[in-house]
Amino acid sequence: MHWTSWQEFLTMRGYGLYVWGSFGACAAGMILEPLLLNQRWRSLQSRLPHEKDDV
Amino acid sequence: MMKPRHKRLVLIVAAVAVLGVAVMLVLNAFRSNLVFFYTPTQIVKGEAPKDHAFRIGGLVKAGSLRRKDIVAHFIVTDTVNETAVSYTGILPDLFKEGRGVVAEGKLENGQFTATEVLAKHDENYMPPEAKAAVDQAQRAAKTLQR
Amino acid sequence: MSNSVINWFKYASPSSFYPLAGRLIPYFSLAAVLLMALGLWLGLFVAPTDAQQSEGYRIIFVHVPASWMSMFIYCVMAFWSALGLAFNTRLSGMMTAALAPTGALFAFLSLWTGALWGKPMWGAWWVWDARLTSQLILFFLYLGFIALQSAIDDPRRADRAGALLALVGVVNVPIIYFSVQWWNTLHQGASVSLTKAPSMAHIMLLGMLIMALGFWAYTIAMALKRVRCIILERELTSEWIKRNALD
Chain A
1 MHWTSWQEFL
11 TMRGYGLYVW
21 GSFGACAAGM
31 ILEPLLLNQR
41 WRSLQSRLPH
51 EKDDV
Chain B
1 MMKPRHKRLV
11 LIVAAVAVLG
21 VAVMLVLNAF
31 RSNLVFFYTP
41 TQIVKGEAPK
51 DHAFRIGGLV
61 KAGSLRRKDI
71 VAHFIVTDTV
81 NETAVSYTGI
91 LPDLFKEGRG
101 VVAEGKLENG
111 QFTATEVLAK
121 HDENYMPPEA
131 KAAVDQAQRA
141 AKTLQR
Chain C
1 MSNSVINWFK
11 YASPSSFYPL
21 AGRLIPYFSL
31 AAVLLMALGL
41 WLGLFVAPTD
51 AQQSEGYRII
61 FVHVPASWMS
71 MFIYCVMAFW
81 SALGLAFNTR
91 LSGMMTAALA
101 PTGALFAFLS
111 LWTGALWGKP
121 MWGAWWVWDA
131 RLTSQLILFF
141 LYLGFIALQS
151 AIDDPRRADR
161 AGALLALVGV
171 VNVPIIYFSV
181 QWWNTLHQGA
191 SVSLTKAPSM
201 AHIMLLGMLI
211 MALGFWAYTI
221 AMALKRVRCI
231 ILERELTSEW
241 IKRNALD
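The listed protein sequences correspond, in order, to chains A, B and C.
According to this note's numbering, the first sequence is numbered sequentially starting from 1.
According to this note's numbering, the second sequence is numbered sequentially starting from 1.
According to this note's numbering, the third sequence is numbered sequentially starting from 1.
I should point out that these hints are in silico values taken from the structure, not numbers from a laboratory.
Take the hints with a grain of salt, since some may be wrong.
[To be verified] Okay, derived cross-link-like pairs now, DSS-like style, lysine-lysine, Cα gap no bigger than 30 Å in a straight line:
| hint | chain 1 | residue 1 | chain 2 | residue 2 |
| --- | --- | --- | --- | --- |
| 1 | C | K119 | B | K106 |
| 2 | B | K68 | C | K196 |
| 3 | B | K142 | C | K119 |
| 4 | B | K96 | C | K196 |
| 5 | B | K45 | B | K131 |
| 6 | B | K106 | B | K50 |
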């Protein structure tokens, strides 16, 4: 591992804003999408004609 | 709440607007921006616009960078022809002699006055040690040629 | 008809694809999480610094996979669209619609991370060069596709209209890919291509490829999950759902 301190890792030697801005946006998008999909899925389940037996 | 028909209308208008913007961007790109920059050779041949601003691209000639206060003078070369460039302002991080550069501005009497300087980097990614080894190998190859 | 043809068409019907997709989702989700964790670890902790761009180059580990996926997903959408127009299968329209939002997300992330990379390295968030402009058009094509589909109530007609847009728009993908060769662009050429050895240190390349595989698995998981939603929404009244309810 080539980082000498957490400080250096977090600031990315001056590129922290750009690097974390990129990784952060990707993380946000790729966490939000499955959450929204799950919500859509659950709301669909509640609209289905329920037959309790095989859930 | 909007009626479904109104909602549909809004969506169709939005779709048309989005596609319109896309087509406009394409046309705009094809009109002037497909040639993002001109090389010094194209300038010598007279292919670059003479009456309005354009971009020049090439390598910053090694040893050509001089700074007077905040004015930077350097030479852009495509290894065949050269153009002298002056620029007032802060140069980007990757601006270095021997590296790629794209500058926007106007050409007057062979002197290019830039209003914006962008660094153009290459597609090579390697750690500093590897870079040093490559540079050394290239220098060795050059000395052998002489 | 031979047996294999029947089996192939079996999964082209939404009612039999629905449970298959449900079984596959956990595997692709797990693969996505593991591959991305490995890719992030390689990209952020193992890969060395870059000689030219210092630590700023690490954006490559999300920028390139997102850009690749945004182009690839559009090609897959065009493939399903062609299939749908040719054979009039219901599933292909559903698959096309299921892929579009994820493709739009990746196209946006490609532009966003590119802007954050361009500012410190080139000196500009955005330039109108051929590569960046054609990628922006790809993003608008995704938005246009989604808007067009949601504007038409009848699903079959929405599918056909979307398929046409996907097929027309796919010409933009090779334009994006070759833009850096065809025109003078500020964007550099490809570091990884089929025609030459990659111009990247091995560990950097490995981290990037593993991230790309992770994005791939993520896309498949999302598309399968969304296609299940679409199947339910469209066939809420159809017989087989009433029979089987949920699984």
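Verification of the supplied hints:
no., hint, in the structure
1, K119(C) - K106(B), "holds, 23 Å"
2, K68(B) - K196(C), "violated, 43 Å"
3, K142(B) - K119(C), "violated, 35 Å"
4, K96(B) - K196(C), "holds, 27 Å"
5, K45(B) - K131(B), "violated, 36 Å"
6, K106(B) - K50(B), "holds, 8 Å"
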